[in-house]
Amino acid sequence: MSNSIDQIYDEIILDHCKNPRNNRKIHKPNIICKAVNSFCGDEVNIEIKLSSKKIITLTGSKSLGCAINQASSSMLSEVLYGKSIEEVFNLYNIFNCMMKENTVPKKASEQLGYLKNLKIIKKNPIRIKCCLLPWTALINEIEKI
Amino acid sequence: MSNSIDQIYDEIILDHCKNPRNNRKIHKPNIICKAVNSFCGDEVNIEIKLSSKKIITLTGSKSLGCAINQASSSMLSEVLYGKSIEEVFNLYNIFNCMMKENTVPKKASEQLGYLKNLKIIKKNPIRIKCCLLPWTALINEIEKI
Amino acid sequence: MLDIKKIRNDFPILSREVNNKPLIYFDNAATSQKPISVINSLTEFYSKYNSNVHRGVHTLSMESTDLFEEARNRVAKFINSKNSESIIWTRNSTEGINLVSNSWGRKNIQPGDEILVTAMEHHSNLVPWQILADINKAKLVILPINNDGTLNLDEIDTFINSKTKIVSAVHMSNSLGTINPIQELCSKAHKVGAKFMLDGAQSVPHIPTDVADIDCDFLVFSGHKMLGPTGIGVLYVKPEILEEMDPFLTGGEMVLEVSYEKAKWNELPMKFEAGTPNIADAIALGEAIVYLENIGMQNIRNHEIELTEYALSKFKSLDKLTLFGPLDPLIRGGILSFHSEDIHPHDIGTFLDHEGIAIRTGHHCTMPLIRSLNIPATSRASFYIYNTKDEIDYFINTLGNAIRYFTDVK
Amino acid sequence: MLDIKKIRNDFPILSREVNNKPLIYFDNAATSQKPISVINSLTEFYSKYNSNVHRGVHTLSMESTDLFEEARNRVAKFINSKNSESIIWTRNSTEGINLVSNSWGRKNIQPGDEILVTAMEHHSNLVPWQILADINKAKLVILPINNDGTLNLDEIDTFINSKTKIVSAVHMSNSLGTINPIQELCSKAHKVGAKFMLDGAQSVPHIPTDVADIDCDFLVFSGHKMLGPTGIGVLYVKPEILEEMDPFLTGGEMVLEVSYEKAKWNELPMKFEAGTPNIADAIALGEAIVYLENIGMQNIRNHEIELTEYALSKFKSLDKLTLFGPLDPLIRGGILSFHSEDIHPHDIGTFLDHEGIAIRTGHHCTMPLIRSLNIPATSRASFYIYNTKDEIDYFINTLGNAIRYFTDVK
Ligand SMILES: Cc1ncc(COP(=O)(O)O)c(C=O)c1O
Ligand SMILES: Cc1ncc(COP(=O)(O)O)c(C=O)c1O
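Chains as they are written, first to last, in my numbering: chain A, 1 to 145; chain B, 1 to 145; chain C, 1 to 410; chain D, 1 to 410.
Hints listed in this document are in silico derivations from the structure and should not be mistaken for laboratory results. Note that beta-carbon positions come from the ideal geometry of N, C-alpha and C, so glycine has one too. Incorrect hints may have been included.
[Unchecked claim] Okay, the calculated beta carbon distance ranges per label pair: (1) S38(A) - I4(C): 38 to 48 Å; (2) Q183(D) - P125(A): 32 to 42 Å; (3) K191(D) - K54(A): 49 to 59 Å; (4) I295(D) - K262(C): 41 to 51 Å; (5) P125(A) - K191(C): 46 to 56 Å; (6) S259(C) - K49(B): 46 to 56 Å; (7) S38(A) - P22(D): 27 to 37 Å; (8) F89(A) - K5(C): 51 to 61 Å; (9) K191(C) - I139(B): 42 to 52 Å; (10) E155(C) - K82(D): 47 to 57 Å.
[Stated by the list, open to error] Below, a sample of chain A positions facing chain C; criterion: calculated Cβ distance under 8 Å: (11) I8; (12) I12; (13) C40; (14) G60; (15) K62; (16) C66; (17) G82; (18) N124; (19) P125.
[Stated by the list, open to error] Sample of chain B residues at the chain C side, in silico, Cβ under 8 Å: (20) P125; (21) I126; (22) N140.
Let's have the full structure, built from the sequences with the hints guiding it.
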């Protein structure tokens, strides 16, 4: 096994891909996010439950497709927990910026936590779309709220 | 003046071009041959009078366009004189062969007389059409007889 | 047997490394690599002869025209077309199919007529016919395939019937590798008075092609898949059909006489080539053909049968993989399309790339076919003259590693 | 001032001899020569990066895609297009005009509508509109020219009227050299709600072009006339128009989703690029643009004004020659079209060729214009960055010899 491959699929990504978190349907979700990328067959299904104060209290993520889409979905389902809608928008902006631009202010970057590991995917630019798919699905839905 | 140009416009060609022979309209021609090459604007007008024995007794040639078309028309109008229709066909075949193929049997070639000078034009393949124009005009007409 | 070592030396890119590994190029069905003779032909043309073709009386123009028309003659000979007027330069196979569906199709397809294509067509041999069927109110009919990826010919006489006006079929499928019985399709088409068009994008580069023998009415192929440059392709049309076809693109070069009101078309094949042609690439495609002919198309085919047989046998060592297309190498080209339930093709592609191996992953522009297989995409390895058994060994080995990497639970 | 000596060294073909004389290349309006950086770009692409673009997950494919899209961005910047989706790769200007007349034209031109072109259009900007007018029962109207080869704008408001749906005009005439007041035509067209299309085949290579400033709806040009390779051209379309246009050619690359029944088009600009594009030549055109930008388009224009002024003054020494087009070098490009009553242009062409000088003779694909001048053809010398006053001296001198050769009676 060469080292180089671990530069794309690092341990955390691989772990999330093989053992996706919150891999469930949830009861009466407040938000349902779906997206497909017909080109590669990636599918995202994220379900979210909000508290009365609009705080995310439960997430379910069932995603199909490539490892990167699956890992990104799984990680997203974890970081959402306990966040308000504003916080999610904020996090998306930082994440999107990391994936698409060259630099992210250090302060902002700290908020990403282990999502920073996904930055590795930029070495393989064509896969960035796979990584962003669960995020764009989510943002599309919560923008409607 | 360089030598090389005389390899295309040799003295005889230039002479015929500057002093075209039989440059006239004739009275009550038996055969009228016309052709144009719209691409370069060459025009051929050859008129022929036949004796009762179908021998060419008079020719008129008024051609416009490039030097090669003019010279070829002028020379054609000279060689036609005194020939029968069969002889014209025969000469055309040899001439056409000289202009298009690589070799002409020596015997045949001798019949060409000074038309052989036109062979020089093959160095400039795009001009072969200009040289053949009066001939094809003629053959088109006498084929109808 | 090909002298692969010698051949490999002719391809500069093969000495390149990818991710610090020697490049193994198995993406030949997408595009082939180019030998130095083809690359040099471009350099030489632009350094010595470059000029616009036709109609120029100056030396460069005459020389360019000669080289350009010589390349056309070479193509004609290569596919055994009796005359070179039948050879129309296009950008690629796709443009050729569009030319036919527009110029021949719009004029000749009547409401209610049927157009038959197979279920394994590339989008390029599907979408133009969808459009034509739509505009001319005709019916596009799809000839189904069997589970093994061959055409299902059980009811062929129902599919090719008196309503059928054209049958357009791929010779070698770019996603299954299947080589279709085109001779049979062609003669069935002719029997009902339909035209037969052959998509030779994958076959012309890999197996001997003889249009006189096949008797096809139209054939398209792409230079870039057969050692030639990008931007040049060929449409062959039978002379008698060509005579009756209206031009497609119009403008300079394809007219003989123009007034402000109307235009008179030029002679064949110029009538179908509007504007300044892709002169240098046409000439370079001629060089590619010289290279292929020097090796011999039958030798190339034999080499690829050998590689395919070898790869098919090696594939057995990998489980969890489904392989598509027929297993008989005599009816399949050097194209291996496979899928694993557990790993997405893109992950396989990325993994192999990190080991220097270039394969293609996706639907290979045959989306309806891939959908009918109930998978999102396939991974595809495709071979050419410079590929070796050693490369296949390394590929199979690396593929095994990929499977373990993604499926082993720590 | 350009450093012509340095520039000439960049063009390998300029050290070639023709008929044992140094080549003087004055056929730039037909096609330009190529600098070594453009030639090398082809060699480098095929030796290092060659792969099909888009959708590939392997390294070569990603690298090719990057280079390919970088070239597109470069083109966008070069003509000051704000976004690169407006840049559609074509084979040449001719294909671009056909794309517009088919995709935009057939949908938007109604019976009775008027299409306006000028009397000095190249066949490529005339015949496609004749066809469109014919099919859609519209009227093709010709804007006349004055004796000096400029457009006659006296009745422009009659010519551009409420029926006019598109005005398509050449920026710089390839047979007269005239530079047209396109800004005026464009704003007149927009005032009546018509679209404006610019044929930039001769202008984009020679004068700065700014689509934002001109505000044209469509612009076409050809790579081969601006130091780039043959086989690649550009169609620029304003984004809002592009969104509404149906595709032209269909097949691979230009679709997003396909079923056996129908297809969904891909994003811009891919929607208009069917099949494998001319990848290498697009990248090489990018290199050509780098070369032009390094010199500076305004510097190029200035150099050509200088050459044209010089040539015009030298021409006065020759009698028996008629020179066409405006004499003010500020409204003419480096194109000199002339005619002698006594010598057919082909004879001039052949004579000059024997002295190493390449000019074009004929109707230059503007047959109706040449006919209206009552001559069979013209001789045309056209300049570019590598041409010099010395070359013009030799040309004028040789032209004098030609005249004497054919007209002196022995
Ligand atoms: C003014 C003009 N328009 C259009 C064209 C057509 O260009 P192309 O042959 O590259 O399509 C030319 C080139 O000859 C031209 O000079
Ligand atoms: C079977 C088949 N047909 C058509 C095409 C289209 O070829 P191009 O993209 O060169 O037009 C391809 C290439 O991908 C192919 O494999």
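So, going through the hints one by one against the coordinates:
1. The given range of 38 to 48 Å is respected by S38(A) and I4(C), whose C-beta atoms sit roughly 39 Å from each other.
2. At about 40 Å, the beta-carbon gap between Q183(D) and P125(A) stays in the expected band of 32 to 42 Å.
3. Range check, K191(D) to K54(A): Cβ separation about 53 Å, and the 49 to 59 Å hint holds.
4. The hinted window of 41 to 51 Å between I295(D) and K262(C) holds, with their beta carbons roughly 42 Å apart.
5. Distance hint for P125(A) and K191(C): a CB-CB separation of about 52 Å, consistent with the stated range 46 to 56 Å.
6. At roughly 36 Å, the beta-carbon separation of S259(C) and K49(B) lies outside the given 46 to 56 Å, and the hint is violated.
7. In this structure the hint that S38(A) and P22(D) lie 27 to 37 Å apart at CB is violated, the actual value being about 59 Å.
8. A hinted range of 51 to 61 Å holds for the C-beta pair F89(A) and K5(C), which are about 60 Å apart.
9. Take K191(C) and I139(B): their Cβ atoms lie about 43 Å apart, and the range 42 to 52 Å holds.
10. The hinted range of 47 to 57 Å is satisfied by E155(C) and K82(D), whose Cβ atoms lie roughly 55 Å apart.
11. Because the closest C-beta pair between I8(A) and chain C is about 6 Å apart, less than 8 Å, the hint holds.
12. With a least beta-carbon distance of about 12 Å to chain C, the hint placing I12(A) at the interface is violated under the 8 Å criterion.
13. Proximity of C40(A) to chain C holds as hinted, the smallest CB-CB distance being about 6 Å (cut-off 8 Å).
14. Hint status for G60(A) relative to chain C: violated, with the closest Cβ pair at about 21 Å, above 8 Å.
15. A distance limit of 8 Å between C-beta atoms decides the matter here; for K62(A) the minimum to chain C is near 15 Å, and the interface restraint is violated.
16. A distance limit of 8 Å between C-beta atoms decides the matter here; for C66(A) the minimum to chain C is near 4 Å, and the interface restraint holds.
17. For G82(A), the interface hint is violated, since its Cβ never comes within 8 Å of a Cβ in chain C; the closest pair sits about 28 Å apart.
18. A least Cβ separation of about 6 Å between N124(A) and chain C falls short of the 8 Å threshold, and the interface hint therefore holds.
19. With 8 Å as the threshold, the beta carbon of P125(A) stays out of range of chain C, its nearest partner Cβ sitting at about 12 Å, so the hint is violated.
20. With a cut of 8 Å, the hint placing P125(B) at the interface with chain C holds, because the nearest CB-to-CB distance is about 6 Å.
21. Using the Cβ-Cβ criterion of 8 Å, the hint placing I126(B) at the interface with chain C is satisfied: the shortest such distance is roughly 6 Å.
22. At a threshold of 8 Å, the smallest CB-CB gap from N140(B) to chain C is about 17 Å, leaving the interface hint violated.
Of the hints listed earlier, those the structure fails to meet are numbers 6, 7, 12, 14, 15, 17, 19, 22, in rising order.
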